[in-house]
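**Student:** As you go down the protein sequences, you meet chains A and B in turn.
Going by our numbering, the first sequence opens with residue 142, and the numbers climb by one from there.
Going by our numbering, the second sequence opens with residue 655, and the numbers climb by one from there.
Just so you know, these hints were derived from the structure itself, not from any lab.
Just so you know, these numbers come straight off a predicted model, no measurement behind them.
Some hints here could point you the wrong way.
[What the hints assert, rightly or not] Examples of chain B residues lying across from chain A (beta carbon under 7 Å, computed): (1) Tyr-710; (2) Ala-913; (3) Leu-967; (4) Leu-971.
[Stated by the list, open to error] For lysine to aspartate or glutamate, the following EDC-like pairs were computed, each having C-alpha atoms within a straight-line distance of at most 20 Å: (5) A:Lys-496 with A:Asp-458; (6) A:Lys-306 with A:Asp-317; (7) A:Lys-407 with B:Asp-701; (8) A:Lys-367 with A:Glu-177; (9) A:Lys-407 with B:Asp-699; (10) A:Lys-499 with A:Asp-317.
[Claimed, not checked] Sample of chain A residues facing chain B (criterion: CB under 8 Å; computed from the structure): (11) Tyr-206; (12) Ala-265; (13) Pro-349; (14) Val-350; (15) Tyr-394.
Where is the CB? At the ideal position from N, CA and C, for every residue including glycine.
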Amino acid sequence: MRRVAVLGAGLTRFMRRSLETGRELCWEAASAALQEADLTLADIDCVVLGTAPDAFDGVHMKGEYLLDGAGGKGKPYVRVYVGGGTGVFVVPAGWWHIASGAFNTCLIVAEEKMSSTQPHPQGAFNAIYDQFTERPLGVNLLWIFSLEMHRYMQTYGIPLETIAKVAVKNKKNAKDHPASQVAGDFTVDEIVNSEVMAYPVMRLMVSPVTDGAAAMVLASEEFARKKGGKHVWVEGVGWNLDTSYWTNRDLAYPQYVEKAARMAYKMAGITDPRKEIHVVEPYDPFAYKELHHLEGLQLADRGQAPRLLEEGFWDRDTTTGIPSSPSGGLLGVGNPIAAAGLMKAIEIYCQLSGKAGKRQIRRNAQRGLAQAWGDLMQVGTVMIMGVER
Amino acid sequence: MAERTAIVGAGYTPLRALSPQASFRELVFEAAVRAYQDAGITPADIDSVVALGEDYREGTCISDEYVPDQLGAVQKPVHTVTGDGVQGLGMAWMLLQSGVADIVVLEGHSKASNMRHPAHVEAMALDPVFVRPHAWNPLFVAGLEMQRFLHETGITSRQAAQVAVKNKGNALRNPIAAYPGHITVEQVLTSQPLADPLTELAVAPPADGAFVFVVANAAGCKRCRGQPVYIEGIAWNSDTSNLATRDWTRATYIEKAAARAYEMAALQNPVADLSFVEADDAYTYKELQHLEALQLVPKGRTGQWLHDGHFDLGGKLPINPSGGALGCGNLHDASALRAILEAVWQLRGQAGARQIPNARRGLVCSWRGIPTATGGVAILSGR
């Protein structure tokens, strides 16, 4: 397999009710990425798009609709899809376009425009459930997360206040992110006393409804070397999909995240992730999910991520721990589903290339990991990047 | 130089207008069992899965959730592509070339009969601001394109109708086809007008069915028993689905994909090198438009070749020996998998009554349907 380098990245503002169409959001992110890579669309061999449910934009074959904005016209273009895991997954998909030897450059774009769903995207989420056994219950995503969060808290005896600290940390980190939608200084009290959505999920423990897009330019080693300079490299990718029958498994631990992570670690030659991963962007659409995923990623023992949180192990300015969600994550920057995942991958790229500005972590980072998750609490997607060695 | 990759297992369900006896998951299970038996593998041998799906057609938001169980692929690297069978095969090919997997399963299905009002679904693919508010039946896109195609090439409606006669006739020899039949050009031309010049019999009617393939690289092939059909060339390309800015005169997506696939397969003289072509024929004119884009027929001679029977079974260059979408049914993105299945059967010598003698190499050309301008080309070889 050929090595794959990152040449540039771009992001739109994350916001509710953006005036731009989905196509325009894609164009804004894609052109920013091309500009940073110092390339034009003519240099791009192929385009990979990631976007989650068509129901959000309200467009059938949404990938075809977004094609012009993403730069796909006249090129090999494909849309990949693993629900909420899509945003990070576009990195593996772009990776194999190049690692296979099929292409030398690939523009990867992720978009979501959720605010077009009226009155609220949670309505569309009802249609993710089984038509016969679950949909008639009128359930949405908050309901399934309250079940999983309950199970996680109950299994390991985790207090609500500890989980709330994920929201405090991420919303604070996001104050330094230029794209952020819901950044701010909050207290644990404010988080736990915010409106109950589906107990124990509170409003401020939930990522918002967001519109936005993100993009990245990937290239083969040969192309990157010709371009010159030091690059960040994609060192490992992994993905894993569990059964659709989510009611049949223990929700306390995400096995599919573990399997996705192990696939990526193996490819990157990582045997001790707690020492070899220096910065991490785990998927945090809900506060508890960040902790849940850190355990699945093998960066903490089962049930121990909350204790490490209390100790400041995941803080951005830690020198002994592993900074987690230094971007501010979905809880702080916002959650345009697929774009949020790629935003996380871009944060790893920024941290490793020293472009994170005020968000730059204090410890020296050689290697970082971004992870996303989705479907019926079912899919894990992982990508690992490393600096020039 | 790319490593040799091959399709080593093929599974299917018969294609039918209705399939009330089975859910789509049960259809896929049936196809998967056939494919794994054909390849001589068990689900434990699968390294990765590529599935095809579009939410609106499935009637499920995030429809990729429902992929793994019926394939025996729970807790494996599984992903979905909202693309056609050639794009899916392209993803499998790249996974194998990159070495991240040695055996990949490719799945696609159609449960079109679940769509009570397919036109309403297709209309949701039109631009929501500029086009959809007109509330036209989306078939108008194909009608407009056919008008332009006939104008550009001088091919007549009568000649285009011959495609339906040929394909439905071929389908009579295909046991899995949903819409075989003896029809005449007159019947096609006088069937109900839909979007002029398209008539009812010039449009492939929807069908249900499922396909599963096992694809492997050299290391994977050693673990399989199925007779290999090699992927010599594979490419896909898109023009925009935006009606205002696309190229209406030709299928540029196939021109570009074909150029890449021919180069990859190192074909010097495609007509002589190909034993047959399975080209998307969701509408009669599409088969001819795609043939022009494939540049297999001397420019301006497509209509004449059709009239002279060169595209018939037994002709110089048989097109859609399976019966195509007009004869087998329109399976949307899975139509290309139906075409790939035919190529596998022809190249293995398993095509029964419609076997092309000494079929050595075949070409599959796909299209994602209105309003898209996305498609692909795969060149497959029996040795």
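**Student:** Does each hint hold? Answer for all of them.
**Tutor:** The hints, checked one at a time:
1. With a least beta-carbon distance of about 4 Å to chain A, the hint placing Tyr-710 of chain B at the interface is held under the 7 Å criterion.
2. For Ala-913 of chain B, the shortest C-beta to C-beta distance to chain A is roughly 12 Å, which exceeds 7 Å, and the interface hint is violated.
3. Given hint, Leu-967 of chain B at the interface with chain A, is violated; its Cβ is 32 Å from that chain's nearest Cβ, farther than 7 Å.
4. Against a cut-off of 7 Å between C-beta atoms, the interface hint on Leu-971 of chain B is violated, since the closest Cβ of chain A lies about 26 Å away.
5. Taking the CA atoms of Lys-496 of chain A and Asp-458 of chain A, the gap is near 16 Å; set against the 20 Å cutoff, the hint holds.
6. Distance hint between Lys-306 of chain A and Asp-317 of chain A is fulfilled; the C-alpha atoms sit about 18 Å from each other, no more than 20 Å.
7. As the CA atoms of Lys-407 of chain A and Asp-701 of chain B are separated by approximately 15 Å, the hinted pair is consistent with the 20 Å bound.
8. The hinted pair formed by Lys-367 of chain A and Glu-177 of chain A meets the criterion: a straight-line CA distance of about 16 Å does not exceed 20 Å.
9. For the hint pairing Lys-407 of chain A with Asp-699 of chain B, the CA-to-CA distance comes to about 19 Å; that is within 20 Å, so the pair holds.
10. At most 20 Å may separate the alpha-carbon atoms for a hinted pair to count; Lys-499 of chain A and Asp-317 of chain A meet this at roughly 6 Å.
11. The restraint placing Tyr-206 of chain A at the interface with chain B holds, with a minimum CB-CB distance near 6 Å, inside the 8 Å limit.
12. For Ala-265 of chain A, the shortest C-beta to C-beta distance to chain B is roughly 5 Å, which falls under 8 Å, so the interface hint holds.
13. Hint status for Pro-349 of chain A relative to chain B: violated, with the closest Cβ pair at about 19 Å, above 8 Å.
14. Restraint check, Val-350 of chain A versus chain B: the minimum CB separation of about 15 Å is more than 8 Å; hint violated.
15. Taken as an interface hint, Tyr-394 of chain A does not check out: its beta carbon lies about 13 Å from the nearest beta carbon of chain B, beyond 8 Å.
Of the hints listed earlier, those the structure fails to meet are numbers 2, 3, 4, 13, 14, 15, in rising order.
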